[in-house]
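Could you put together the complete structure from these sequences and hints?
The lines below spell out each chain.
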Amino acid sequence: MSSAPDVRRRPAITAAQFWAVARRPRWLAALALCLAIAGGFAALGQWQIQRSVDNATVVEIDTETAVPLAEIASTGSGVSDPQLGRMVSVAGELVDGDYVLLTGRNDGQGGSDHWIVGHLVTPEGDSVAVAVGTTTEDAPPATLDAARDEWVGRYFPSEEPQASDFEHGRRSALSIAELVNLWAGHGPVYGGYIVLADPVPGLGDIRAPAPDREIALNWLNVFYAIEWVLFAGFAIYLWYRLVRDVVERRIEDAQAESAQVANVD
Amino acid sequence: MPAGPRPDDVPRIRQTLTLFRVSAIITGIFLLMLVVMMVTRYGFTLDIAWTSAYGFTLEPREIIEQQGAVNVSFIILTVHGWLYVLYLGLDFVLWRLTRWSFGRFLFIALGGIIPLLSFFFEFAVPRWVREVTERVEKPVEATA
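Chains as they are written, first to last, in my numbering: chain A, 1 to 265; chain B, 266 to 409.
Don't take each hint at face value.
[What the hints assert, rightly or not] So these bits of chain A aren't anywhere near chain B, every CB distance computed over 10 Å: (1) Ser77; (2) Leu101; (3) Thr122; (4) Ala147; (5) Gly185; (6) Glu257.
[Said to hold, decoys possible] Label-pair distances were calculated between CB atoms; the ranges are: (7) A:Glu71 with B:Ile290: 35 to 41 Å; (8) B:Thr322 with A:Val222: 29 to 35 Å; (9) A:Ala36 with B:Gly320: 30 to 36 Å; (10) B:Arg279 with A:Arg241: 18 to 24 Å; (11) A:Val222 with B:Gly368: 43 to 49 Å; (12) A:Gly39 with B:Gln331: 38 to 44 Å; (13) A:Glu137 with B:Gly320: 43 to 49 Å; (14) B:Ile294 with A:Gly111: 49 to 55 Å; (15) B:Ser317 with A:Phe223: 55 to 61 Å; (16) B:Gly368 with A:Val261: 31 to 37 Å; (17) A:Thr103 with B:Thr310: 27 to 33 Å; (18) A:Thr103 with B:Val301: 45 to 51 Å; (19) A:Phe18 with B:Glu330: 48 to 54 Å; (20) A:Val246 with B:Thr322: 54 to 60 Å.
These are computed hints drawn from the structure, not numbers from a lab.
Small disclaimer: the values here were computed from a predicted structure and weren't measured.
Ideal placement from N, C-alpha and C gives every residue a C-beta, glycine not left out.
Given below as structure tokens:
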């Protein structure tokens with residue numbers, strides 16, 4: 001066995017030495033392959049960016065222009081995300097004797113309000129719960145002097161009934177399932193309730209802010225896009241690394257040979 | 266004749282090998298969970314949900330989102346993705362240091378894609394490492 005040359009350090013190589021190997025058809029083909037892979041990765045990154053933007057724009061809905069309730073919602077089904085907090089309009093009449101008082105409703109200022117919830121019947125015979133305003137009374141009115149051609153307000157999903165303390169005649173949750181049992185009679189029922197934009201005369205305003213629909217860029221997709229860009233860069237680097245390995249091997253082999261020759265001498 | 270690692274790199278090879286073995290086990294476990302998750306999602310179109318009330322259940326993805334439950338399938342998918350990136354990184358560093366063939370780098374890379382393969386690498390790779398490190402360490406010991 002001959003004494004090994006200095007293999008502890010990797011040899012320094014010049015650009016000329018590198019390109020002498022890189023220019024070979026085999027390594028040019030490898031470069032083409034790596035560029036194709038990098039291109040594919042970049043395309044995947046582009047797709048992820050596209051998706052993150054698409055996901056963000058889907059969220060953008062005009063919630064502030066009132067649309068007929070029947071257009072966006074149907075009876076017997078709950079409130080889906082795009083319907084939530086939307087301004088809707090509906091025609092119909094409030095049913096006397098079907099008013100319910102809700103206590104402990106958050107007024108948005110750290111206190112609580114009493115709400116009056118009415119039963120609106122549309123010309124089609126459908127039922128929808130309408131929060132008509134706040135009150136200082138402790139009992140719901142039997143009748144309200146209120147008639148409108150069109151009721152405009154924000155549409156919200158029904159709440160869970162268990163929060164109500166119904167044994168003491170007090171309710172705090174606006175649960176459609178519960179209201180249906182209190183009403184004298186009803187047609188097909190909408191799964192959500194409407195908070196009137198303008199309360200019925202004599203009652204106070206209910207705080208119902210516009211839904212918070214900030215454009216949420218999908219960060220998961222953004223991170224995936226960054227990942228693909230890194231992978232694309234890595235594919236190119238891998239080619240460079242493989243070529244450099246070949247060059248280093250040639251230099252080391254040459255060193256080993258000359259060392260052997262020197263030993264023989 | 267393969268070049269073999271540079272003697273100065275041997276301690277770093279050992280460190281990387283330890284990390285690689287841990288990574289191989291964890292990635293392998295997540296890959297098996299990924300198989301389960303793929304079967305439920307694409308076989309039964311159900312995702313795995315977790316709720317404190319019912320524990321693990323199988324439900325359609327939309328229902329899980331509506332309920333605000335934890336979508337375990339999604340977590341498995343994402344975590345495996347990142348663990349695989351880490352596994353590939355360690356594979357790359359190991360391949361650089363040991364100066365194995367490029368084919369072996371690609372072979373080890375398959376460990377994050379083919380179920381159970383990473384458990385094989387978990388004990389095969391240390392053997393391959395020993396083969397190359399013994400070769401460089403012997404002449405060093407002889408001269409010392």
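Against the structure, the hints:
no.: 1; hint: Ser77; in the structure: 12 Å, holds
no.: 2; hint: Leu101; in the structure: 30 Å, holds
no.: 3; hint: Thr122; in the structure: 27 Å, holds
no.: 4; hint: Ala147; in the structure: 37 Å, holds
no.: 5; hint: Gly185; in the structure: 31 Å, holds
no.: 6; hint: Glu257; in the structure: 13 Å, holds
no.: 7; hint: A:Glu71 with B:Ile290: 35 to 41 Å; in the structure: 56 Å, violated
no.: 8; hint: B:Thr322 with A:Val222: 29 to 35 Å; in the structure: 31 Å, holds
no.: 9; hint: A:Ala36 with B:Gly320: 30 to 36 Å; in the structure: 47 Å, violated
no.: 10; hint: B:Arg279 with A:Arg241: 18 to 24 Å; in the structure: 22 Å, holds
no.: 11; hint: A:Val222 with B:Gly368: 43 to 49 Å; in the structure: 35 Å, violated
no.: 12; hint: A:Gly39 with B:Gln331: 38 to 44 Å; in the structure: 40 Å, holds
no.: 13; hint: A:Glu137 with B:Gly320: 43 to 49 Å; in the structure: 47 Å, holds
no.: 14; hint: B:Ile294 with A:Gly111: 49 to 55 Å; in the structure: 53 Å, holds
no.: 15; hint: B:Ser317 with A:Phe223: 55 to 61 Å; in the structure: 28 Å, violated
no.: 16; hint: B:Gly368 with A:Val261: 31 to 37 Å; in the structure: 33 Å, holds
no.: 17; hint: A:Thr103 with B:Thr310: 27 to 33 Å; in the structure: 44 Å, violated
no.: 18; hint: A:Thr103 with B:Val301: 45 to 51 Å; in the structure: 49 Å, holds
no.: 19; hint: A:Phe18 with B:Glu330: 48 to 54 Å; in the structure: 53 Å, holds
no.: 20; hint: A:Val246 with B:Thr322: 54 to 60 Å; in the structure: 55 Å, holds
When held up to the earlier numbered hints, the structure conflicts with 7, 9, 11, 15, 17 and fits the remainder.
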